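Starting from the given sequences, assemble the full structure and let the hints guide the process.
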Amino acid sequence: MVLKKIEINPITRLEGHGKIAIFLDDSGNVAEAFFQVVELRGFERFLVGIPIEEVPRTVSTICGVCRAVHHTAATKASDEIYGVEPTETAKKIRELFINAHYVEDHAVILYALGLPDFVVGPEADPAERNIVGLVKKVGVDVAKEVLRRRSYAVKILEMLGGKPIHPVAGLPGGWSKRITEEERAEIEKLAKELVELGKFTVQLFEDVILKNEKYMELITSDAYRSVLNYMGTVDERGLVNYYDGVQKIIDTKGNEIGRFKGKEYLEYIAERVLPWSYLKMPYLKKIGWKGIVDGEGTSLYSVGPLARLNVADGMNTPLAQEAYGKMFDVLKERPIHYIMAYHWARAIELLNAAERVLELAQDPEITSPDVRAELGEVTGEGVGIIEAPRGTLIHHYKTDDEGRVTEANLIVATTHNKGPITLAIRKAAKHFIKNGNVDERILNYVEMAFRPYDLCLACATHMLPGRLPIEIEIYDSEGELVKTLRNF
Amino acid sequence: MKVIVDWLASCGGCDVSILDLGVKILDVVKEFEIIYWPVALDFKKEDLKSSEADIAIVNGAVRTSEQEEQLKLIRDKVDVLIAYGSCACFGGIPGLGNLFKSEDILKTAYVETPSTTEGKIPQEVTKVDGFELTLPKFLEDVKALDDVVDIDYYVPGCPPSLSTIEEMVELMLKLKKGERPEKKVLASDKSLCYECPRSKSFLRPPTINRPHEVVADEERCLLEQGIICLGFVTRGGCGARCVRVNMPCRGCYGKVPNAFDFGTEAITAIAMAGTGEDYLPPIRITEAVDRIKDVVGLLYQFCLPKSKLGDLK
Numbered sequence: 001m002v003l004k005k006i007e008i009n010p011i012t013r014l015e016g017h018g019k020i021a022i023f024l025d026d027s028g029n030v031a032e033a034f035f036q037v038v039e040l041r042g043f044e045r046f047l048v049g050i051p052i053e054e055v056p057r058t059v060s061t062i063c064g065v066c067r068a069v070h071h072t073a074a075t076k077a078s079d080e081i082y083g084v085e086p087t088e089t090a091k092k093i094r095e096l097f098i099n100a101h102y103v104e105d106h107a108v109i110l111y112a113l114g115l116p117d118f119v120v121g122p123e124a125d126p127a128e129r130n131i132v133g134l135v136k137k138v139g140v141d142v143a144k145e146v147l148r149r150r151s152y153a154v155k156i157l158e159m160l161g162g163k164p165i166h167p168v169a170g171l172p173g174g175w176s177k178r179i180t181e182e183e184r185a186e187i188e189k190l191a192k193e194l195v196e197l198g199k200f201t202v203q204l205f206e207d208v209i210l211k212n213e214k215y216m217e218l219i220t221s222d223a224y225r226s227v228l229n230y231m232g233t234v235d236e237r238g239l240v241n242y243y244d245g246v247q248k249i250i251d252t253k254g255n256e257i258g259r260f261k262g263k264e265y266l267e268y269i270a271e272r273v274l275p276w277s278y279l280k281m282p283y284l285k286k287i288g289w290k291g292i293v294d295g296e297g298t299s300l301y302s303v304g305p306l307a308r309l310n311v312a313d314g315m316n317t318p319l320a321q322e323a324y325g326k327m328f329d330v331l332k333e334r335p336i337h338y339i340m341a342y343h344w345a346r347a348i349e350l351l352n353a354a355e356r357v358l359e360l361a362q363d364p365e366i367t368s369p370d371v372r373a374e375l376g377e378v379t380g381e382g383v384g385i386i387e388a389p390r391g392t393l394i395h396h397y398k399t400d401d402e403g404r405v406t407e408a409n410l411i412v413a414t415t416h417n418k419g420p421i422t423l424a425i426r427k428a429a430k431h432f433i434k435n436g437n438v439d440e441r442i443l444n445y446v447e448m449a450f451r452p453y454d455l456c457l458a459c460a461t462h463m464l465p466g467r468l469p470i471e472i473e474i475y476d477s478e479g480e481l482v483k484t485l486r487n488f
Numbered sequence: 001m002k003v004i005v006d007w008l009a010s011c012g013g014c015d016v017s018i019l020d021l022g023v024k025i026l027d028v029v030k031e032f033e034i035i036y037w038p039v040a041l042d043f044k045k046e047d048l049k050s051s052e053a054d055i056a057i058v059n060g061a062v063r064t065s066e067q068e069e070q071l072k073l074i075r076d077k078v079d080v081l082i083a084y085g086s087c088a089c090f091g092g093i094p095g096l097g098n099l100f101k102s103e104d105i106l107k108t109a110y111v112e113t114p115s116t117t118e119g120k121i122p123q124e125v126t127k128v129d130g131f132e133l134t135l136p137k138f139l140e141d142v143k144a145l146d147d148v149v150d151i152d153y154y155v156p157g158c159p160p161s162l163s164t165i166e167e168m169v170e171l172m173l174k175l176k177k178g179e180r181p182e183k184k185v186l187a188s189d190k191s192l193c194y195e196c197p198r199s200k201s202f203l204r205p206p207t208i209n210r211p212h213e214v215v216a217d218e219e220r221c222l223l224e225q226g227i228i229c230l231g232f233v234t235r236g237g238c239g240a241r242c243v244r245v246n247m248p249c250r251g252c253y254g255k256v257p258n259a260f261d262f263g264t265e266a267i268t269a270i271a272m273a274g275t276g277e278d279y280l281p282p283i284r285i286t287e288a289v290d291r292i293k294d295v296v297g298l299l300y301q302f303c304l305p306k307s308k309l310g311d312l313k
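Protein chains in written order, with our numbering: chain A, 1 to 488; chain B, 1 to 313.
Straight-line alpha carbon distances no greater than 25 Å define the calculated DMTMM-like cross-link-like pairs of lysine to aspartate or glutamate that follow:
| # | chain 1 | residue 1 | chain 2 | residue 2 |
| --- | --- | --- | --- | --- |
| 1 | B | Lys120 | A | Glu407 |
| 2 | A | Lys155 | B | Asp20 |
| 3 | A | Lys434 | B | Glu132 |
| 4 | A | Lys155 | B | Glu218 |
| 5 | B | Lys72 | B | Asp54 |
| 6 | A | Lys398 | B | Glu112 |
| 7 | A | Lys136 | B | Glu31 |
| 8 | B | Lys176 | B | Asp76 |
| 9 | A | Lys285 | A | Asp244 |
| 10 | A | Lys285 | B | Glu112 |
| 11 | B | Lys101 | A | Glu407 |
| 12 | B | Lys127 | A | Asp25 |
| 13 | B | Lys137 | A | Glu44 |
| 14 | B | Lys120 | A | Glu267 |
| 15 | A | Lys144 | B | Glu33 |
| 16 | B | Lys2 | B | Asp27 |
| 17 | B | Lys127 | A | Asp26 |
| 18 | B | Lys293 | A | Asp401 |
| 19 | A | Lys286 | A | Glu264 |
Since the hints were made in silico from the structure, they are not lab data.
Computed from a predicted structure; not experimentally measured.
So this is what it looks like as structure tokens:
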């Protein structure tokens, strides 16, 4: 017997790329909560038949937001298919490209989504708790500076990738475009500005949040805490790396569960199909499916900025390393399970990526014309794994002996996080819906609990990380609409 | 003047491209009242349901039943409907899904992929412990917008370039003055070759090369180097963004107006490549064309749903 059905439509109902349905039991408490993704385009099927060298420019259209990472992951897979190690310069150009993308993407997420919750204040009117409210608070001049510097990152992407939205320059064994000395000097100049943006962002976070007791309480409250396993990529020194390395998984206590490279991902990750959603839910295969639960023994894991910092031993640039140490000192746990710390980790990564762009722009090898390696024999299989801003991205292809795709498997960051996101929704639902009474703060809670994961349904479906309009509809047992709550 | 901006089956890149107008977007906001734009602005859904608008800019193709309904709703609301981006105009890259049955697409994603466990196909209606959950229907085909409703203007590109977007803003300003410009497609009527910076010697390529097989000369026409560049059959207007980083055009602006069909036109021209002679014996034509490993994927990369081939399905 169902008392009520509550539907939350995170985007408009008419579009409906994702929605939440909450069901209450007889006593009006939460029986079940579902996060449904209602769209699919089917890349895994229609990539079949396409020659692998055409795939990077095709799969960038999986997502117009994180296009650079899909492009690069597929390019890395194509290296393996042609049995080729890219030239050192090509690797550096790709890494520079990815890091510029991080600065651009993290800046949008932090300034448009994450920071307003804190800078404007979590109790503020939702109408003010957005980028407009943020601009009012920090001042127009500061906002303009942030926007100006972010556009420099976009400029670097365009210079290296061709089209600023869907890049085309990745090829097996290298990169189609070399960097001239003139371009290098330009990138170096822009990179210095990006480092300033990174420093400013980390400082803003520390000034606004660390110095405010109330916000620190919010970050460390149980309502925003999920005890999960974590996955991220580290280099040979154990430091965070976005472009290349080995994938490391730790458990809820920080113990290493395992490391994998390439197609070994199949030994660690399995995706469970939920017949009520177009988005699958991955879990750790070695632990086995334990349901949508957190705590010790769970098989759910999360990816993204906090996950990366949790699994690594540090950052590969000096300023970011300093900020990294501070975060663990202040939050006093390892791994950190406070999901609000995702924003902090994101700020640290922005600084890290900016520092890497500058380092690479100053690397004398970056202007070498040697951007294409000679191809080997077709191996027939390749896996490209990189860290997208939102988390680990896996592209796996098999080909025939002429390099045409015969099978494709893609696991994107938001898919990995589907379990944790669903958990966050259940926690919100249970906390704010009691005995049939729906506390209106659930809207605010759900919004804030989603945001750290920066769910990019553009990848899994097609939602941009814009402000998430949420609508909750409450039906009585007759199926009649009795109440509507919304934050827009 | 009221404007709606919406997306259907899209990657979000089209919306980002509009945001990349930068400060110029402030001028647009000054001249027009944007009443609905889920990506960028807060909005009231009621505004879309109840009130009328003048212009709608819609990106993305139609892949689900929900998107089809949304598009029809928008068409009813506005005087002018603009198809924005390659997916909206021609089906785009997701349009390649039309090479497969929708049930095969679902089966691959939810049953056959190697990381999937206990595979099953998501259902339009699922009962979980007596609770009913619904999903929109995954349609049999990807449709371009004008397969569903009438379109007034087309803004092609994956995504449209900055200059194309600026042209659209000019169009909107004219619409505001009550004009109805006759030019329906906001791109050049001439091929991309006319705006390509590369030098041309009007020689036939000696052979056909896949892009990764050769290191392209940065100055010369890519097609003359044997790399299939589809600029000659594609409308200009993008500023030759891909060829500037040494990569060939794949036709995201759609076919030039006088071409019968994108792929047929392209393959006819390519088939003539081979030896530099005026006449090619059929066997040599076959050899040349055989170097293309995925004819449909290459020659209909952005436009399969709007092609003669797509009509056959």
